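There are 2 protein chains.
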Amino acid sequence: MNEKEMKDFSAKLMQESKTACFTTIDKNGYPHTRAVFNLRNKEQFPELVKIFDAHKEDLLIYISTNTSSSKVAHIQSNTAVSLCISDPENFRGLTLGGAIEIVTDKNIKSALWLDWWDRYYPKGKEDEDYTILKLIPKTVEVWYKGKFKFQFT
Amino acid sequence: MNEKEMKDFSAKLMQESKTACFTTIDKNGYPHTRAVFNLRNKEQFPELVKIFDAHKEDLLIYISTNTSSSKVAHIQSNTAVSLCISDPENFRGLTLGGAIEIVTDKNIKSALWLDWWDRYYPKGKEDEDYTILKLIPKTVEVWYKGKFKFQFT
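Order-wise, the sequence lines are chains A and B. Residue 152 in the working numbering sits at position 152 of the first sequence, with consecutive numbering throughout. Adding 1000 to a residue's 1-based position in the second sequence gives its number in the working numbering.
The following block holds chain A by itself, in its conformation from the complex (with noise of 0.2 Å):
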């Protein structure tokens, strides 16, 4: 695959998949891996759609999260993060690393919030616990029919 396969590989399999999951490191340099929504997954988050088809170039995504959770906790020591979106059943996947950031820019988290979300940040998107996190990732790695990498410049 060259750099454009590998971009439009990666873009539609973050459209696909289900599986998302995201590590953070924590203060004793120990990783944590957990399940995160894939908000670039169109079935789940059709109202997302058009946010990220303005970022197929540069493979941009957010995730989710409580203000409260570790995966906070963690990046406000450690930047460091991997993103692995894989389709296990088709032996697909991708990984993005990178240095992710938390996102102050309330325009961006009333964009990305969704109502029912409300079952998770009771105060809607006002609510202190409503995290939006952001990876523009530096490189990703990407596995189907064998294995190939590239680094965003």
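Careful, some of the hints might be misleading.
[Stated by the list, open to error] SDA-like cross-link-like pairs, simulated, lysine to any residue; straight-line CA separation at most 25 Å:
id : chain 1 : residue 1 : chain 2 : residue 2
1  : A       : 27        : B       : 1077
2  : A       : 149       : B       : 1015
3  : A       : 27        : B       : 1080
4  : B       : 1145      : A       : 67
5  : B       : 1007      : A       : 26
6  : B       : 1147      : A       : 126
7  : A       : 109       : A       : 46
8  : B       : 1106      : B       : 1068
9  : A       : 123       : A       : 150
10 : B       : 1012      : B       : 1108
11 : B       : 1106      : B       : 1118
12 : B       : 1123      : B       : 1063
13 : B       : 1145      : A       : 119
14 : A       : 7         : B       : 1026
15 : A       : 134       : B       : 1106
16 : A       : 27        : B       : 1151
17 : A       : 27        : A       : 79
18 : A       : 138       : A       : 150
19 : A       : 134       : A       : 58
20 : B       : 1018      : A       : 89
21 : A       : 42        : A       : 114
Bear in mind the hints are in silico, worked out from the structure with no lab data behind them. Here the structure is a predicted model, which means the values were calculated and not measured.
Starting from the structure of chain A, add chain B where the hints point.
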């Protein structure tokens, strides 16, 4: 969930889930998460069920990989790993943490060997590129109708 319930839940989910994501840390301190076979999945690996039946309490897991893989390279300088096994459709997941080992016991490697793995290791169970990793978890986190955590002592 108490400790017994967490162990039972974990052993069951490990038998049922096809999705396993495994994280190692590279020499620059960046985590790398990728999909791996869940060798405890009883549908995909029925031949191995007996091996893991002896480990319902300690939740031991083996991971098969190429000796030439990034996993093995990372583990040689940092044994801290995380393994996430999840069932995103049913909002169930677990994360195992601890220090991983490279198995040198040929009996264990032989007992785990499956003939169809010759597509990955052409020389069979004696292939130098066939590596088995062993994780005896120190921490377990469980997500199912809440979040639960325990540490093995």
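Which hints, by number, does the structure contradict? 2, 9 and 15
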